[in-house]
Amino acid sequence: MLYAFGGVALVCLGLYGLVALEHMLRRILAVNVMGTGVFLILIASAARAEGAPDPVPHAMVLTGIVVAVSATALAVALACRVAEQEQEGRPEGEVKP
Amino acid sequence: MTVWAFDILALLALVWLAWRAMTARRIEVAVVTFLPYGLLMALVWARLRAPDIAIAEAAIGAGLTTALLIAAANRIRRRSAYERAADTAAASSRSADARLGGWGKQLVGAVLACVVGGLLAAAVANLPAQQAGLSPQVEANLSDSGAGNPVTAVLLNFRGYDTLLEIAVLLLALIGVMQLRRETPGPVVSAEQRHSLVLDSLVHVIVPLIVIVSGYLLWRGGDAPGGAFQAGALLAGAGVLLILNKQARPAWLSARVVRAFVAAGLLMFGGVALNVMWTGRNLLEYPIELAKPLILAIEAAATVSIAVILTMLFGGVLTPHRAPSLQGGAS
Amino acid sequence: MWVDVLSGLALVTGLAFFVAGTVGLIRFPDIYTRLHALTKADTLGLGFVSLAIALQSPSIFVALKVMLVWAVALAAGATACNLIAQYADRSGLRPWERGEP
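Going down the list, the protein sequences come from chains A, B and C. Position 63, counted from 1, in the first sequence is what my numbering calls 63; the numbers after and before it change by one each time, with no gaps. Position 321, counted from 1, in the second sequence is what my numbering calls 321; the numbers after and before it change by one each time, with no gaps. Position 87, counted from 1, in the third sequence is what my numbering calls 87; the numbers after and before it change by one each time, with no gaps.
Think of the hints as simulated: they come from the structure by calculation, not from any bench. Using N, Cα and C, we set each Cβ at its ideal position, and we do this for glycine too. Treat the hints with care, since some could be wrong.
To be verified - A few chain B positions that, by computed beta-carbon distances, are all more than 10 Å from chain A:
id	residue
1	L112
2	L127
3	T163
4	V203
5	K246
What the hints assert, rightly or not - What follows is a set of in silico ranges between Cβ atoms, one per label pair, in the way DEER data are often shown:
id	chain 1	residue 1	chain 2	residue 2	range
6	B	S201	A	R81	30 to 40 Å
7	B	S143	C	L15	42 to 52 Å
8	A	Q87	B	Q106	39 to 49 Å
9	B	L134	C	T33	34 to 44 Å
10	A	A49	B	S143	20 to 30 Å
11	C	T22	B	S201	46 to 56 Å
12	C	Q86	B	A255	44 to 54 Å
13	B	L119	C	T22	32 to 42 Å
14	B	K105	A	G51	19 to 29 Å
15	C	T33	B	T2	46 to 56 Å
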């Protein structure tokens with residue numbers, strides 16, 4: 001049960017970071033932190049019963065981890081592209097070696 | 001008592017690492033902090049009796065996600081001579097405000113986090129203490145599912161839809177990343193990395209070992225923790241190593257064979273899902289006597305697909321340009 | 001009984017090496033000395049911890065798997081250390097010398 005509250009703390013932290021941070025990669029990190037917080041709540045609530053934990057949330061979290069990594073990959077590729085386009089948009093004079 | 005001490009320490013460390021991963025001054029440090037965060041998370045999963053998730057988290061959450069983020073941080077930095085110059089010249093003046101947004105954003109973020117956190121905490125505190133959830137139903141039908149590991153049974157039989165669509169999501173993400181590659185040949189991105197003999201010899205030993213272990217995970221996944229996702233993620237780790245060691249090239253995605261591998265998982269899964277309908281069953285309702293071989297076939301195809309897709313996602317982020325030789329008619 | 005004592009001893013020894021490696025990581029002056037402390041002390045510490053786990057394992061196969069994990073961690077740690085040191089050397093970081101801060 002302790003872990004469920006830990007998950008809540010991680011969700012809050014990630015949400016705050018998502019809104020308050022500026023850097024794109026940091027925001028992607030914040031979303032990932034939020035995701036793990038949600039997984040932690042799910043698994044902690046699956047482990048409440050005595051004996052073997054409920055396998056259905058386990059399967060859902062397993063799916064969630066894979067979906068999270070594919071979303072992260074797409075977000076990261078978008079962030080890179082945005083950063084590159086911003087840099088190319090700058091006038092040449094601004095770029096100093 | 002000692003277990004409680006571990007729980008509290010682990011949670012405090014998790015929260016601290018999460019905070020560091022978001023707000024460390026240098027983005028490289030922030031990104032690398034995500035690795036110990038993921039590994040500690042894997043330990044927590046093991047502690048919560050979720051070994052399947054622990055393996056997946058260590059391979060995907062810690063390993064692949066961090067590899068993706070490091071590649072992205074490198075790519076953004078490498079192209080920005082502007083930022084590097086500013087970094088060394090005025091590091092102190094930049095760092096103060098580079099991390100967090102203005103007061104308004106911080107306030108909105110804090111209020112949102114407090115509201116959502118309070119609601120969630122209230123919901124968690126009001127959960128009934130002892131509840132078996134769906135595990136009695138799973139256990140009652142486990143013998144008919146064709147898998148001895150309840151998590152595998154849920155993933156590939158009881159809730160096969162989720163897994164089918166998950167593989168589709170992976171494929172979509174890959175298509176998205178590949179669309180973001182650029183037409184221009186561009187500079188050779190990794191010119192500054194030279195070949196390392198030590199890495200070479202490690203790769204020679206460890207890649208075959210990874211292949212064996214992932215085959216083991218796939219086979220054991222029917223009855224013990226493990227399965228297609230863990231095996232595929234592990235293989236993708238080997239793929240990432242090969243890309244970094246320049247023995248595999250991301251441009252290979254254009255090859256037909258690789259594309260066939262990418263599609264194999266979804267085609268096999270979808271094919272099985274539709275084929276069982278010929279005999280008057282519902283979508284994904286396997287005949288009981290064929291359940292085990294069908295699940296194994298789906299898992300084998302899914303493993304290959306997941307491995308290739310995850311590797312290619314990393315390759316697509318690492319090298320943003322299409323290989324000149326394969327460009328052909330593209331304008 | 002003596003197996004428990006032996007694995008307990010191995011565990012404590014391993015932890016001592018981990019503590020030494022961590023202190024070195026925090027206290028040493030530059031990247032080369034830190035790598036030295038971290039990789040050497042921690043792989044040995046991990047070896048002792050794996051030995052403790054292997055002694056407690058139910059069958060010889062589990063023990064062998066644990067030792068395999070240690071061997072792989074050894075190889076990966078050594079390679080990572082080499083790569084980091086090589087990169088640091090190439091980017092012009094000079095090793096620390098006595099008398100410097």
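How the hints compare with the structure:
no.: 1; hint: L112; verdict: violated, 6 Å
no.: 2; hint: L127; verdict: violated, 6 Å
no.: 3; hint: T163; verdict: violated, 7 Å
no.: 4; hint: V203; verdict: holds, 23 Å
no.: 5; hint: K246; verdict: holds, 21 Å
no.: 6; hint: B:S201 with A:R81: 30 to 40 Å; verdict: holds, 36 Å
no.: 7; hint: B:S143 with C:L15: 42 to 52 Å; verdict: holds, 45 Å
no.: 8; hint: A:Q87 with B:Q106: 39 to 49 Å; verdict: violated, 27 Å
no.: 9; hint: B:L134 with C:T33: 34 to 44 Å; verdict: violated, 54 Å
no.: 10; hint: A:A49 with B:S143: 20 to 30 Å; verdict: holds, 21 Å
no.: 11; hint: C:T22 with B:S201: 46 to 56 Å; verdict: violated, 29 Å
no.: 12; hint: C:Q86 with B:A255: 44 to 54 Å; verdict: violated, 32 Å
no.: 13; hint: B:L119 with C:T22: 32 to 42 Å; verdict: holds, 39 Å
no.: 14; hint: B:K105 with A:G51: 19 to 29 Å; verdict: violated, 46 Å
no.: 15; hint: C:T33 with B:T2: 46 to 56 Å; verdict: violated, 34 Å
Hints 1, 2, 3, 8, 9, 11, 12, 14 and 15 from the list above are not met by this structure, while the remaining hints are.
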